[in-house]
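Colleague: I would like the entire structure built from these sequences, with the hints used as guidance.
2 protein chains.
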Amino acid sequence: MQEESTPMRLTTQRQVILEELIKVTSHPTANEVYDMVRKRLPRIGLGTVYRNLELMSESGLILKLEVGGTQKRFDAVVKPHYHVRCIHCGKVNDVDMPVQQGINESAAQSSHYKILSHHIEFTGLCYQCAKVQYQPIMN
Amino acid sequence: MQEESTPMRLTTQRQVILEELIKVTSHPTANEVYDMVRKRLPRIGLGTVYRNLELMSESGLILKLEVGGTQKRFDAVVKPHYHVRCIHCGKVNDVDMPVQQGINESAAQSSHYKILSHHIEFTGLCYQCAKVQYQPIMN
DNA sequence: TTATGTGCAAAACATTTGCAGGAGT
DNA sequence: ACTCCTGCAAATGTTTTGCACATAA
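Residue numbers (the numbering used here), protein chains in the order written: chain A, 1 to 139; chain B, 1 to 139.
No false leads were slipped in.
Since copy identity is lost for identical chains, a pair holds within one copy or between any two.
Dumping the calculated SDA-like pairs for lysine to any residue here, alpha-carbon to alpha-carbon at most 20 Å: (1) Lys-91 with Asn-104; (2) Lys-114 with Ile-87; (3) Lys-114 with Met-97; (4) Lys-131 with Cys-89; (5) Lys-91 with Ser-26.
For the record, the hints were derived by calculation from the structure and aren't laboratory data. Because the structure is a prediction, the values reported are computed rather than measured.
Modeller: See below:
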């Protein structure tokens with residue numbers, strides 16, 4: 001975990017990863033980014049994609065989403081915003097509602113933590129899956 | 001994904017898993033539950049623990065937490081509540097603040113999803129880690 | 001020229017699954 | 001008996017890592 005010592009080199013691989021990520025709003029997984037990037041850089045390795053997504057998220061260039069499901073997802077939109085995940089197909093979308101004000105302060109009062117940020121993940125059914133009359137397990 | 005057809009049998013393994021989970025407030029991972037349970041049932045398999053945690057969370061008996069980090073965590077407190085995770089040590093605690101009213105409706109208006117629920121995950125430093133003067137990467 | 005980055009492959013984790021035998025009803 | 005459940009081990013899926021070579025500054 002290094003400081004601002006040497007800035008990250010802007011390699012071709014990093015540039016392409018960032019460009020491809022900016023193109024989409026689908027919050028792709030590392031493997032999906034790999035597939036997108038490989039069309040332009042066929043010899044790139046999956047390890048490189050993982051390494052660079054991690055580095056870029058550490059430096060605040062992109063966002064690493066730790067939402068539900070088995071894989072991490074990545075987002076080129078770094079402005080704080082919330083997400084909704086379809087419990088049927090696993091798709092993740094942005095929720096364009098205002099960020100909840102004062103919620104971090106409430107949490108600070110109700111815990112012994114120094115609160116830095118928060119994230120809200122909504123769960124539901126996307127338009128397509130809702131149409132299929134999918135019956136979720138209500139609990 | 002079956003309905004309420006046959007209720008789950010209350011086997012010794014399931015009973016012990018649930019009892020151990022009720023004992024703690026640490027939101028243990030599957031592997032931590034395995035370690036706790038193994039002290040009482042040395043021959044239980046890790047697969048059984050995973051299978052039963054999954055089944056119990058499907059039936060609403062326990063909560064599967066899909067918070068940040070690499071592993072899923074489990075909670076015997078099923079009443080809706082929020083969580084805070086220490087970015088330094090990874091510990092997860094409850095946040096005893098009221099559930100945000102009307103937030104699902106806001107999200108429904110700002111997305112094309114049928115919203116079912118939401119979860120808020122706060123990120124910060126726990127009391128112990130904050131004392132250690134840990135310098136987080138602010139972004 | 002030299003620190004940093006890459007491709008490749010193997011390793012490390014986390015979780016799921018197949019199956020033969022075991023237990024509850 | 002019959003079904004559901006378990007232990008075990010192997011398989012799967014995701015992410016990380018070691019290392020020799022490549023490349024940007």
